[in-house]
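Chains as they are written, first to last, in my numbering: chain A, 1 to 335; chain B, 1001 to 1309; chain C, 2001 to 2487.
Hints listed in this document are in silico derivations from the structure and should not be mistaken for laboratory results.
Built from N, CA and C at the ideal position, the CB exists for glycine as well.
Just to be clear, a hint being listed does not mean it is correct.
[Said to hold, decoys possible] In silico BS3-like pairs for lysine-lysine, Cα to Cα no more than 27 Å straight-line:
| id | chain 1 | residue 1 | chain 2 | residue 2 |
| --- | --- | --- | --- | --- |
| 1 | C | Lys-2103 | B | Lys-1257 |
| 2 | C | Lys-2103 | B | Lys-1174 |
| 3 | C | Lys-2315 | C | Lys-2407 |
| 4 | B | Lys-1306 | C | Lys-2315 |
| 5 | C | Lys-2435 | C | Lys-2407 |
| 6 | B | Lys-1257 | B | Lys-1174 |
| 7 | C | Lys-2435 | C | Lys-2377 |
| 8 | B | Lys-1174 | C | Lys-2118 |
| 9 | C | Lys-2405 | C | Lys-2377 |
| 10 | C | Lys-2103 | C | Lys-2039 |
| 11 | C | Lys-2215 | C | Lys-2053 |
[What the hints assert, rightly or not] Here are a few chain A residues that sit away from chain C, every Cβ distance over 12 Å (derived from the structure):
| id | residue |
| --- | --- |
| 12 | Val-22 |
| 13 | Thr-43 |
| 14 | Gly-92 |
| 15 | Leu-125 |
| 16 | Ala-141 |
| 17 | Pro-153 |
| 18 | Ile-173 |
| 19 | Val-177 |
| 20 | Val-211 |
| 21 | Arg-213 |
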Amino acid sequence: MNTDKHGFKAILLRHETILLFVVLLEWLYFNSVGPRFGSVDNTFDIMRHSVEIGLLALVMTPIILTGGIDLSVGSLLGLCAILFGKFWRDAGMSIPLAAACTIGIGALAGGLNATLITWLRLPPLIVTLGTFSLFRGLAEAITRGADTFTNFPASFLFLGQERWLGIPAQAPIFILVAIGIWLLVHRTTFGRSFRAIGFAPEGTRYAGISVERRLAMAYVLAGIIAAVAAIIYTSRLGQAKADAGMGYELFAITAVVLGGTSIFGGVGTVHGTLLGVAAIAVLNNGLVHARQPREVAGMLTGLLLILALTSSIISKMLASLNARRQTSVTKPIIT
Amino acid sequence: MKRHFRELSVAAALLVVLLGLAIVAPAFFQPQPLLSLLTREAPTLVVACGMALVIISRQIDISVGSQFAVCSVCGGLLAAKGWPLPLVFLSSVLFGAIMGAVNGWLVAGLRLPSIVVTLATMVTWREALRWQRQGEFVNLPDGLQWVGLSQIAGQWTLILAALALLVLLALATKHLSAGRFVYAVGTDAEAARLAGIRPQLTIFFVFVFMGALVGLAAMMNVVQSPQVDPKSGSGLELKVIAAAVVGGVAVSGGRGKLWGVFVGLLLLACISPALTHLHIEAYWEKAIQGAIILLAVVADGLRTRKQRN
Amino acid sequence: MTKSFGAVRALKGVSFDLHAGEVHALLGENGAGKSTLIKVITGAHQPDGGSIKINGESVSQLTPASAHKLGIACIYQQPALFPDLTVAENIGLRLESASVFRKVNWAIRQQRAAELLKRIGAEISPDAEVRSLSMPEQQLVEIACALGAGARIVIMDEPTASLTQKEQHLLFAVVKDLRASGVGVIYISHRLEEIFALADRVTVLRDGESVGTNKVGEMNESSLIKLMVGREVSAIYPPSESAAGNVVLSLKNLGCAAGGVENISLDVRAGEIVGMAGLVGAGRTELARVIFGITPADSGEILLNGQRITISTPKEAVAHGIAYVPEDRRRHGVILEMPIAHNMTMAIHDRVFPGTWLRFGAERQLALDFTHDLGVKAYGPDAPGGSLSGGNQQKVSLARWLATKPKLLILDEPTQGVDVGAKSEIHKIIRRLAKEGLAVLMISSDLPEVLGMSDRIAVMRGGTITAMLLAKTDAHEVMAAALGKQN
Chain A
1 MNTDKHGFKA ILLRHETILL FVVLLEWLYF NSVGPRFGSV DNTFDIMRHS
51 VEIGLLALVM TPIILTGGID LSVGSLLGLC AILFGKFWRD AGMSIPLAAA
101 CTIGIGALAG GLNATLITWL RLPPLIVTLG TFSLFRGLAE AITRGADTFT
151 NFPASFLFLG QERWLGIPAQ APIFILVAIG IWLLVHRTTF GRSFRAIGFA
201 PEGTRYAGIS VERRLAMAYV LAGIIAAVAA IIYTSRLGQA KADAGMGYEL
251 FAITAVVLGG TSIFGGVGTV HGTLLGVAAI AVLNNGLVHA RQPREVAGML
301 TGLLLILALT SSIISKMLAS LNARRQTSVT KPIIT
Chain B
1001 MKRHFRELSV AAALLVVLLG LAIVAPAFFQ PQPLLSLLTR EAPTLVVACG
1051 MALVIISRQI DISVGSQFAV CSVCGGLLAA KGWPLPLVFL SSVLFGAIMG
1101 AVNGWLVAGL RLPSIVVTLA TMVTWREALR WQRQGEFVNL PDGLQWVGLS
1151 QIAGQWTLIL AALALLVLLA LATKHLSAGR FVYAVGTDAE AARLAGIRPQ
1201 LTIFFVFVFM GALVGLAAMM NVVQSPQVDP KSGSGLELKV IAAAVVGGVA
1251 VSGGRGKLWG VFVGLLLLAC ISPALTHLHI EAYWEKAIQG AIILLAVVAD
1301 GLRTRKQRN
Chain C
2001 MTKSFGAVRA LKGVSFDLHA GEVHALLGEN GAGKSTLIKV ITGAHQPDGG
2051 SIKINGESVS QLTPASAHKL GIACIYQQPA LFPDLTVAEN IGLRLESASV
2101 FRKVNWAIRQ QRAAELLKRI GAEISPDAEV RSLSMPEQQL VEIACALGAG
2151 ARIVIMDEPT ASLTQKEQHL LFAVVKDLRA SGVGVIYISH RLEEIFALAD
2201 RVTVLRDGES VGTNKVGEMN ESSLIKLMVG REVSAIYPPS ESAAGNVVLS
2251 LKNLGCAAGG VENISLDVRA GEIVGMAGLV GAGRTELARV IFGITPADSG
2301 EILLNGQRIT ISTPKEAVAH GIAYVPEDRR RHGVILEMPI AHNMTMAIHD
2351 RVFPGTWLRF GAERQLALDF THDLGVKAYG PDAPGGSLSG GNQQKVSLAR
2401 WLATKPKLLI LDEPTQGVDV GAKSEIHKII RRLAKEGLAV LMISSDLPEV
2451 LGMSDRIAVM RGGTITAMLL AKTDAHEVMA AALGKQN
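Whenever a hint applies, use it, and build me the whole structure from the sequences.
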C-alpha cells in the first residue's frame, strides 16, 4: 500500500527533486567557473538579493494554487517602499510605527484586489493589471518621479545589510514567513481549500466552503507580505525610490511555476517555490561570476518560465493518461 | 443606439474632457501641439487595434511593448544599412509576425495560458535586446524621418495611415468572415467548433496579426525621430490594454468594437496633456491610467452583476 | 433512409430507421439512451460498433461537420448559440460556408434571419443579442437554423419543454411543414399528447435497448407508458423498515424566481425517504439548490425541526445540518484530482481539524472508516477521486455528507451512471440511513428506484409539486403525474 507515492523511485522523479538537482548542478557549474562564487560571502549575497523576490513568490503560491494570479505585487512593493519613506521622513514616525503603517497599507491594497475579484467576480488577471498600473503610478505621483528617501538610521539598515548571529539579518524574517506560508498551505484547512478552489471552484462551493473568503485571504496576505518585502528592500538598498521592485512580479511568478505549481491551480508546493527562487537566484548571481552580462540572466528567466510551463502541460497529460489507466485496473478493496 | 451604449458613453466622457479643456485650457487646441499629440498616438492606435482583436478572442498579449522595441531596433539597423524604406517596413512587419507566431504557437498549439506565455516572451525579447544593444541608440540615415516628407506632411501621413488602418480593420471585423470568426471564438470556442470554425487556428492567427501590426506600428514610430531608442515601447502593453478595456472590449471575450477602442485611446491620450494644462504634475498619468482601467472593469462587472440577478 | 447500429456504451444494439417525410418519435425514461443515440447520429459520439446508412449509403467516421454536410440538423435542449452575437449572425455562422476570407453580407443575413423566424412564427428581432433572449426564444433560433440549413434529417430533443402554448402550436405547424416537404424528423418528447398529435411511428427505448417500434395509430397512452416503464418493481429493492418520526424539514410555499421553482410545500420526516419524481427540467434539482442555499429562496419559508431558518449560502445549509449529494458528481460532488480522504473531510473541516490545523491521522482514520463502512473500492485513502469508478465516486460523495452527521440528506440522482452492483449497495446504504432516523429527500429519474425506495413520492412538474403519492403506488400513476395526465 502507498508504494505509489512514497517509493524511492517516485520521490526521485518528483518535480521538487529534479529541481533540487538542477540547483545543485547550477551551483557546481558556477563554482567551477567563478572562483569567488562558492564563498560564504557570496552565498549570503545570493540570499540577501533573493529575499524580496522570495517573499513575493511565497505569497504568490497560494494565489496560483487557487487558479488566480497577482500581477500587482511588484508595483505594490514600490508603493509601500516610498510610503514607508514618507511615513518616516515626512510624517516623522519612528521606524517601527512607519513599518506597521506600511504593512497596514499593504493589507488595504491587497483588500482592494480581493474586493474586486470576489465581490464583482472579475478576473484576477485584469484586476491586478489595473492595480499594477495604479500602485506604481501612485508611487510615481507621490515622489514626483524623482524624490528618493535616503539617510535611514543605521539601526534600520542593519536589517538589510548586516549579519545577525552570523547570517544575513533579513534571513530570519524570510525563514519565518516561509515556515508560516508552508504551514498555511500544507498543514491547515486554508491550504486545502486553496487547492480545492484551484481544482474546482464550483465543487468547493458545493462542499459548503466559502470560496470568496478564502480567495480574499490569499490576496490580502499577498498585500501584507509585499509591504514586508518593501521594508526589507528599502533597508537593503538604504533608499526608497518609485521604481522599487519593478518587474518583481515576473520573477515571483516564474519562481512559483518553475517550482512545480500548476498555473491552472490546485497542484504545487511551497518548498517547490523555494527551490524555484533558489534556481533563479543562483542563476542570476552565477552568471555575473561567469562574467556574463546581466541581461542573459533575465532572458534565461523568461525562457525557463516557458520551459517550466511546457513541462507542466506534458506532466498534466501524462497524469490524465495515468488516471485513465488506474480506472481500468481493478483495485483491491481496502479493509 | 442601445448596442453602442458602451462606446457612446466613453465618447461622451471624451467630449466632457475636451469641453472642460476648451474652457480651462484652450491652449490645448492649438493646431501644432495637437497634431504632434495625434502623431505620437498613431502607432499606439495601430497596436491597440491588434490588442482589441486579441482580447475579443479571449486572450491577452503583454509582450507587445517588447516586440515593439525589437522591431524598432531591427528596422532601424536595416535602414542604417541602407535598405530602401518599403523593404524596411516590410521586414519589421515580418519580424513582428514571427514573434507573434511564437506567442500564437505557445498559446494555441500548446494550450498554455496567454498571460504567462506573453509575460515570458515579454521579458525574453526585452532582455535579449538589451543584451545585444547595451542601451545603444541606432542612428538613422537622413531622409528616413517623416518618410522623407516635411514634418507636417509626415505627421499627416502617419495620422491618416493609422486612421485608414482603423477603418479598414473595423470594416473587416464587421464584414469579413474571418473577423466574425474572432468574435465567435471569443464568445464560445466550443460552439464555434460545432459551427465548423477552428478555434485554435483562429487564435494562432490573431497573435500573428497582432505581431505584424506591432511591426508596422514600430516603423511608424521610428520615422518620427532621427534615432531609435532601444527602450521604446516600454509600458505600451498597458496603454493599449487600457484603451481596449476602456473602449468597451470585454475581457471575457467576444464583445467590443474597434471604434470604441479608438475613442478609449483618445480619452487616455488626453490625460497627459490635460494634466500639464491643468497644472497637475504629469507623474499622475500612470496612476490615473490604472484607475481608469479599474473603473472600466468595475463598470462592466456591475453591469453583468445586474444582468445575473 | 435507414440507420442502424450496434453497441455503444449506453446503447445495446439499438436499430432505428427513419423514412423521408415521416415524424418518428423517440420515447423513454431519462437515461434510457435517447441522448446517446442522438449524439451518435449527429457525430458528437463515435459508435463502438454497428453502422449508419443514409440513403442506403454507409457512413463512417461521422463528425459534427460531416453530419452537417449530410443534412443532419439537431435542436438540442440546451441551445449551442453564441451569446454575445446577434440572432442574424448566429444563424449566419451556422449556415454560411466556413471559408475565411469571404464578405459577410449583412443585408442577406438579416433578410434570411427574418424570413426563417417568420416561417416558424417567432417574434424575435434578428438584431437582438442572443444573450438577451429567453430559453424558449433561443430554442426557436436553433429551429430556425435547422430550417435554414435545408436539413434532410431534423432531430428535435424535447423542443417544447420550455415553449408557451402559442409557440408550441407554431412549432407543430413547422414540423408538419417539414414532413410535407419530405424531411425526416426525429422527435423526442415526454409529452404523450404531442406524440399522438405529430408522430407517425414511435420507438421506445429502455435501458439502452429498443423495446419496439410501433405505428402511433396502433398505440394508446396506457400502452406507451407500459412500454416505457417495463420491468416489474420487486424484491431487488430492500424493504422499508423504518417508521417515520417527527417532521425534520418543512417547506411552506417556497419559491425562487431565479431557480425557476415556485410555491413548494413539502414535509420530510425523520426516518422517511421521500422520493422526488419528475421529468428533466421539472425543477427538482433547482429545488435542491434552493434548499441548499446555492440559489437562495426569495419567497416562502424553510422550517427545520420546527424552527424557521434562512439559508443563503451552502455554508449555512451545512451548519444547519442539511447535506446535498449533487447530481453532477464530476463537477460538484467529488474533486477528481484530490485524494478521496480529502474529499471526504471537505465539508467537516471545522470538526476534524479544530483550529484549522490538519490532522492527517484523524483524516485517514475517518476515510478508512467510511471506505470500509460504505464499501468503497479504492487502493487507499490517497487514491485520487478520478481514479475511482462512478459508483465508488458516488460513495465518496455520500461519505463526505454523512461525515457531517446531517439531519436531512438530499440525494440528487444517487445512482445515475452507476453500475448495477454499486447501485444496489447504495440503495442498501440509503435504507440503513433512514432506519437510523435520517430524513432523506431522494431526487431520481429512475422510476423503479423511486417506487422501490420511497415511503412517499412527490411528483414535480413545471417548477412545482403537482402530486404527492403513497409508496404503494404504481409506475403508471407516477409517470402519468409527471407527464401531466389525469388518471
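Is it true that the CA of B:Lys-1306 sits at most 27 Å from the CA of C:Lys-2315?
holds, 24 Å
Checking a non-interface call: every C-beta of chain C should be farther than 12 Å from the C-beta of A:Arg-213. Is that right?
violated, 9 Å
At 12 Å, judged by beta carbons, does A:Ile-173 keep clear of chain C as stated?
Its Cβ never comes within 12 Å of chain C, the nearest being 23 Å, so this holds.
Can the restraint linking C:Lys-2215 and C:Lys-2053 be considered satisfied, given a maximum Cα separation of 27 Å?
holds, 22 Å
Taken at face value, is the distance from the CA of C:Lys-2377 to the CA of C:Lys-2405 at most 27 Å?
holds, 22 Å
Distal placement of A:Gly-92 relative to chain C, Cβ over 12 Å:
Given a closest Cβ separation of 40 Å, the condition holds.
Would the non-interface assignment of A:Val-177 survive a Cβ cutoff of 12 Å against chain C?
Its Cβ never comes within 12 Å of chain C, the nearest being 18 Å, so this holds.
Examine each Cβ of chain C, and state whether all of them lie more than 12 Å from the Cβ of A:Val-211.
Contrary to the label, A:Val-211 does not stay out of reach of chain C, its closest Cβ about 10 Å off (not over 12 Å).
Does A:Thr-43 really sit off the interface, with its C-beta more than 12 Å from all C-beta atoms of chain C?
Nearest chain C Cβ is 34 Å from A:Thr-43, so the label holds.
Holds or violated: C:Lys-2103 and B:Lys-1174, Cα atoms, limit 27 Å.
It holds: about 9 Å lies between the C-alpha atoms, which stays within 27 Å.
Within a Cα-Cα threshold of 27 Å, do C:Lys-2315 and C:Lys-2407 meet the stated pairing?
holds, 15 Å
Non-interface claim for A:Leu-125, where every Cβ of chain C lies beyond 12 Å:
Given a closest Cβ separation of 19 Å, the condition holds.
When each numbered hint is compared with the structure, violations occur for hints 10, 20, 21.
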